[in-house]
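Just so you know, the sequences run in chain order X and Y.
So the first sequence is numbered by numbering that gives the first Met the number 0: it starts at 0 and just counts up by one.
So the second sequence is numbered by numbering that gives the first Met the number 0: it starts at 0 and just counts up by one.
If you are wondering where the hints come from, they were derived from the structure by calculation, not from laboratory data.
A hint or two may mislead.
Stated by the list, open to error - Simulated restraints on C-beta separations:
| hint | chain 1 | residue 1 | chain 2 | residue 2 | range |
| --- | --- | --- | --- | --- | --- |
| 1 | X | P48 | Y | R355 | 48 to 54 Å |
| 2 | Y | G311 | X | T68 | 40 to 46 Å |
| 3 | Y | K225 | X | E111 | 51 to 57 Å |
| 4 | X | P8 | Y | R190 | 18 to 24 Å |
Everything numeric in this text was worked out from a predicted model, so none of it was measured.
Yeah, the Cβ is synthetic: ideal placement off N, Cα and C, and Gly gets one too.
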Amino acid sequence: MPEAKAREPRRARPVPTPETQFFWDGARAGELRLQRCRACARAYFPPRPFCPRCASRDVEVFRASGRATLYSYVIHHRPAPGFTPPYAIAVVALEEGPRLMTSLIDVAQTPEALVLDMPLEVAFERLDDEISLPVFKPALERS
Amino acid sequence: MKRPAVAIVGAAETTELGIVPHLSQLQLSADAALNALADCGLVPSDVDGVATAGESPTSVAHYLGIAPTWVDGTAVGGCSFMLHVRHAAAAIQHGLCKTVLITHGQSGRSRVGAGGFGFSPSSLSGQFEAPYGVAGPPTLFTIPCLRYMLDFGLTHEQLAMVAVVQREWAARNPRAMYRDPITVADVLASRVIAWPFHLLECCLVSDGGGALVLVSAERARDFPAKPVYVLGSGESVETPLVSQMEDFTTSRAFRVSGALAFAEAGIGPRDVDHLMIYDAFAHLPIYGLEDLGFVPRGEAGRFIADGNTRPGGALPLNTNGGGLSYTHTGMYGMFALQESVRQLRGSAPAQVPGVRISVAHGVGGMFAAAGTVVLTNEAS
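Here chain X stands alone, though its shape is the one from the complex (with noise of 0.2 Å):
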């Protein structure tokens, strides 16, 4: 595909199985979804059809608050396909529990303006038809 080659490099596209196809089709349609247990109510990720913790195959997607805060990251400083340095890589912890790696947007990519433990809420990024990225901004006044 000499086509695709002669474009600028961009960022890892991720490829569903069948397990995650749920998450995905939720992030196109604007929706952060987990899958949480029916025994036991624990919320987890990343997907599977079975509780991490006590194994039950009886287990719910949900469509997840959206908020979110902001629990560590790194600011990289070097080029990388898609990416335009110093931008930051983070993980959130989700309202629900379970922690996600993401990007932050509408933010400054420092120190100063990235502060852990700041309250942050979903957004989406389109890659293409398919692929929506869960991406995280910092939070309006929460009600």
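Go by the hints and put chain Y onto chain X.
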């Protein structure tokens, strides 16, 4: 302290270390193996057990002309060789083999005959970490550290001191890649790689290898070098995704592996004379000191900054200079083991006086795996 059943009788690194573009990865592995076998007066045909990571044990056995009855290809990253020592000790005691060769060769810098680093875009890493601009270990291994710094008050200066102290050890090692003294100011003035990490807080990248030969403790006396006995060992894994660690301020794999090794050896941290903690990045010795129980939680940064691990300190740590200054081929664990053996034989360039017990602790992946080996030069 228990009576050890298995010993390391041969140990050596590759003839050349650092930048070795004229040797393939497989040949580096073989060079280390031949050196370790020569160290104990053996040849490949004497070996009946083979363990390696990076290359397959099949490739290494065939290349060296070995027909093994026991193989171990456990490959969980840079600590794989600690796990090989543990598995080999069990195999020898169980009678599966008598003479085990554990070898490592890696063309980490020159990439001669070396495989790629890529992973599948449908793996969990490919789906849930790679799209966010990760670019190898400097962006992944480092990501927990800021959380630790905030929760425990670790300062940038204390983190930098890890690199400064290890350079003091490296200055005493002729084979260390970087030997010139550095200061905290030098570290903090070096290029930012992935904030809060500067260049001098990241391991170097090199070519090289090392190998070990293990036999039963009864046979160990028949070999020329002073035996180094395997007193205890541990292993564990946590997660292939650093973002999914249970707690960013402590490694579960470190804790599990370390506790197993100490329990089997029948010793505690206070019995340890010399310590190696795999340092791919400057925060790793801090996590290791705490998770292995040498220092209470949150105090390792100050412990190092106060000079406890430097030459002449109470707990000599990473006495070859570590991955930060000595060498780092990609899977550094073998070099930590080599330095423990040298210290116990009394042959280290930066020899610590009177070492009787040494611990080598390795990490694999980005806090994904751990292996710990307790070694001694006393037969009982």
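Hint-by-hint comparison with the structure:
A hinted range of 48 to 54 Å for the beta carbons of X:P48 and Y:R355 is consistent with their spacing of about 52 Å. Checked against the hint of 40 to 46 Å, the C-beta distance between Y:G311 and X:T68 comes to roughly 44 Å, which is consistent with it. Take Y:K225 and X:E111: their Cβ atoms lie about 56 Å apart, and the range 51 to 57 Å holds. Between X:P8 and Y:R190 the beta carbons are some 22 Å apart, a value that agrees with the proposed interval 18 to 24 Å.
Hint compliance for this structure: every hint is met.
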